[in-house]
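Once you have looked at the hints, place chain B on chain A.
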Amino acid sequence: MEAAAVPAAGSSRASAAIGWLRANILWLLLVAALAVLAAINLGRTAEATQTGISTGAIYALIALGYTLVYGIIELINFAHGDVFMLGSFVATSLFVSIAPSGKLGLGSIILTVLAGLLVASFATATLNVLIERVAYRPLRNAPKLAPLITAIGMSFILQNVGLLWHTGAVGVPDLINSQHVVFTIGTVSVANSDIFAVAVTIPVLLALSFFVSQTRYGKAMRATAQDADAARLMGINVDRTIALTFLTGGLMAGTAGVIYALYNTTVRFDSGFTNGLIAFTAAVMGGIGNLKGAVVGGLVIGIIQANSDAVIGEQWQSTVVFGILVLVMVFKPEGLLGEPGREG
Amino acid sequence: MEAARAFFKPISDALGRVPSIVWKLVLLGLAVLFPFVVNPLFGDLTGGDVLQHGVEALGYLMMALGLNIVVGFAGLLDLGYVAFFAIGSFVMGWLASDQFYGAHIHFGVADALAKFDPHGIHINFIVIVIVAAAFTMFWGAVLGFPTLRLRGDYLAIVTLAFGEIVPRFFENLPTLSNGQKGITPVDHVYLPGIDPTAFNYPLTLKPVYFVALVMVLVVLFVNVRLRDSRLGRAWIAVREDEVAAAAMGVNLVRTKLWAYGFGAAFGGFAGAFLATFRNTVNVANFDFGQSVFILCMVIIGGMGNVVGVIVGAIVLYTVNNTVLPHLNSISSSLHVAIDFPSISAGIFGFFMLAMMILRPAGFIPSRRRKIELTHGELVEDTPLFEVRQ
Chain A
1 MEAAAVPAAG
11 SSRASAAIGW
21 LRANILWLLL
31 VAALAVLAAI
41 NLGRTAEATQ
51 TGISTGAIYA
61 LIALGYTLVY
71 GIIELINFAH
81 GDVFMLGSFV
91 ATSLFVSIAP
101 SGKLGLGSII
111 LTVLAGLLVA
121 SFATATLNVL
131 IERVAYRPLR
141 NAPKLAPLIT
151 AIGMSFILQN
161 VGLLWHTGAV
171 GVPDLINSQH
181 VVFTIGTVSV
191 ANSDIFAVAV
201 TIPVLLALSF
211 FVSQTRYGKA
221 MRATAQDADA
231 ARLMGINVDR
241 TIALTFLTGG
251 LMAGTAGVIY
261 ALYNTTVRFD
271 SGFTNGLIAF
281 TAAVMGGIGN
291 LKGAVVGGLV
301 IGIIQANSDA
311 VIGEQWQSTV
321 VFGILVLVMV
331 FKPEGLLGEP
341 GREG
Chain B
1 MEAARAFFKP
11 ISDALGRVPS
21 IVWKLVLLGL
31 AVLFPFVVNP
41 LFGDLTGGDV
51 LQHGVEALGY
61 LMMALGLNIV
71 VGFAGLLDLG
81 YVAFFAIGSF
91 VMGWLASDQF
101 YGAHIHFGVA
111 DALAKFDPHG
121 IHINFIVIVI
131 VAAAFTMFWG
141 AVLGFPTLRL
151 RGDYLAIVTL
161 AFGEIVPRFF
171 ENLPTLSNGQ
181 KGITPVDHVY
191 LPGIDPTAFN
201 YPLTLKPVYF
211 VALVMVLVVL
221 FVNVRLRDSR
231 LGRAWIAVRE
241 DEVAAAAMGV
251 NLVRTKLWAY
261 GFGAAFGGFA
271 GAFLATFRNT
281 VNVANFDFGQ
291 SVFILCMVII
301 GGMGNVVGVI
311 VGAIVLYTVN
321 NTVLPHLNSI
331 SSSLHVAIDF
341 PSISAGIFGF
351 FMLAMMILRP
361 AGFIPSRRRK
371 IELTHGELVE
381 DTPLFEVRQ
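Heads up: the protein sequence lines correspond to chains A and B, in order. By the count of the numbering used here, the first sequence reaches residue 344 at its end, each step adding exactly one. By the count of the numbering used here, the second sequence reaches residue 389 at its end, each step adding exactly one.
I should point out that these hints are in silico values taken from the structure, not numbers from a laboratory. Bear in mind the structure is a predicted one, so any value in this text is a computation, not a measurement. Hints may be right or wrong, so weigh each one.
[Said to hold, decoys possible] A partial selection of chain A residues facing chain B, derived with a Cβ cut-off under 8 Å:
no.: 1; residue: A142
no.: 2; residue: M154
no.: 3; residue: Q159
no.: 4; residue: T215
no.: 5; residue: P333
[Stated by the list, open to error] Computed far set for chain B versus chain A, every beta-carbon distance over 12 Å:
no.: 6; residue: L41
no.: 7; residue: E56
no.: 8; residue: G75
no.: 9; residue: P185
no.: 10; residue: F210
no.: 11; residue: L213
no.: 12; residue: N279
Using N, Cα and C, we set each Cβ at its ideal position, and we do this for glycine too.
One chain only, chain A, in its complex shape (with noise of 0.2 Å):
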């Protein structure tokens, strides 16, 4: 900094490899803590990372409705995850009446895991719609205190059906089989629920990439996200284009609940507060506001995370995301992918 500060003579590369220093500090220091990791036991490391990508696709798909959200009303949507959660619970319902035990043939699994996956998202999309509608926008001009705190009521209204719906862990039936070991490499072993979660994400966030950058609603979007007022000016309908977001925030957190739901075989009611947390905290880490930002920042804390778990145990999972969460907030708020300047 100092010598980004006073450049001396003839020291403008030294202050540009200092500037890109400074911008890529924490993929440094993220790339240095794996490796000094993977130097010590490379077996756990790669293991860990490999469970964090699976559980990092699903934080993923979270984080793109926290970030959609805040991208367009710059609201932190704190019943995001518990609309994952319930939309968790619509798959699991679906899914116990459909094969209690879990045992279908091939077709039938498929067909079974496709109707999840769409009633499901259904039911969180209308849900996040219905949010937005009694939650959100009679606050539209309200001090930004206001809206935040509907949110966390409505979170904790959430939580509490969920809670009504079922008070304990509820059991997934096993679709998937997804302990089953597909291959191996050294001691890494992929299951077939690595693979669902994996191959469920990347064809949503291709879908929503396509959505966001290439149609006329994601242009509305993205317009409105840039600037509400000349929006509005240019003809774009701000209030259907905001719905029309919190839809899509649903539809991720409604397919994230069902890959959660498998992946996971068990569902709680309080799974939507610490997943929507540690979700949240992805799509800060990855610069809030940017879509590519929040999937990478889900794989990134999807892999600290795990571990982290690995080596100091679960039991400081939430000090060490949560830390993550502070730092980023207060040394780098704009995150990995986002533009400086947003905040502070």
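Chain B alone, transformed into the frame defined by chain A:
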């Protein structure tokens, strides 16, 4: 909504004409009378000693008043207030129990305690609450420091993260917290010159109620004096417009850190009291729900208004701990299987939502705050909690 406003206006105008000293005396009189009348009046409602709830409510009231400094006066949304509740409680746990079994330290406690329980650290109650307040004040400033650059919802999230980190930190270090079993028993209140058997709670509750009431009055006095001080005006200035306040010579860093510090100090003060009153310090009691519960007290009463916060705290505590369990007996007699206390968070969530949409300034809004909130809708830039600079 307009009709409701028109309906309430004459009532609130009439109430506004009563001199404030009358209100204060009425409230104080009610508080003093409370332990003598509560059981005959409401004892059959809960089936237990209602005064126990009264004492706990006073503990929460202290915390709500502390949080009101941060959220109401200085306008810094704190979603992790439970961290200070936890730190204060643990200070009481460390200094008034056998947690540090190897130590043999007794200071200002009853002779009988020193004689029969030579292990651990046992310090006088008054000393501990002061130490707890000072210690949490320090941590309030330390945790507040990294948030100084942040505003609005980023600030809220960082405080939330601290509220999650602090209890988990204690939980994972059993030497400090005794793990999930928690630190128990904790010494009872002991005041020199008063027979220690007077504080034989939960059997005899009146003496400890008055200890809590005195503590509340101390908190209230400091709270009001702070609000009217130079520092308090600086808080309000920062809340209304940070940039303008800085331009007028308000030192933002110092002002905000004092807000965090004082807010935290009251949380620790109350936490220490609740630790001895509950006779246990358990990490399971310090979750996000507690932060939101205390925040709800501040919001529902009216942010920034001391009287509003008092009313909000008492009403909310009563609803949570006596009305909801009572609803349970009604619902079970109607054969509706809803466990109301277990969904209390959802019910409060609904309150918060309805409150923000229908009456964002709270039931008893602070006058200045009300102006801000209503003008926020008219003026194009909303100075409060604006993220972009």
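Structure-based check of each hint:
no. : hint : result
1   : A142 : holds, 6 Å
2   : M154 : holds, 6 Å
3   : Q159 : holds, 7 Å
4   : T215 : violated, 28 Å
5   : P333 : holds, 7 Å
6   : L41  : holds, 31 Å
7   : E56  : holds, 21 Å
8   : G75  : violated, 8 Å
9   : P185 : holds, 26 Å
10  : F210 : holds, 35 Å
11  : L213 : holds, 30 Å
12  : N279 : holds, 26 Å
Checked against the numbered hints given earlier, the structure breaks hints 4, 8 and satisfies all the rest.
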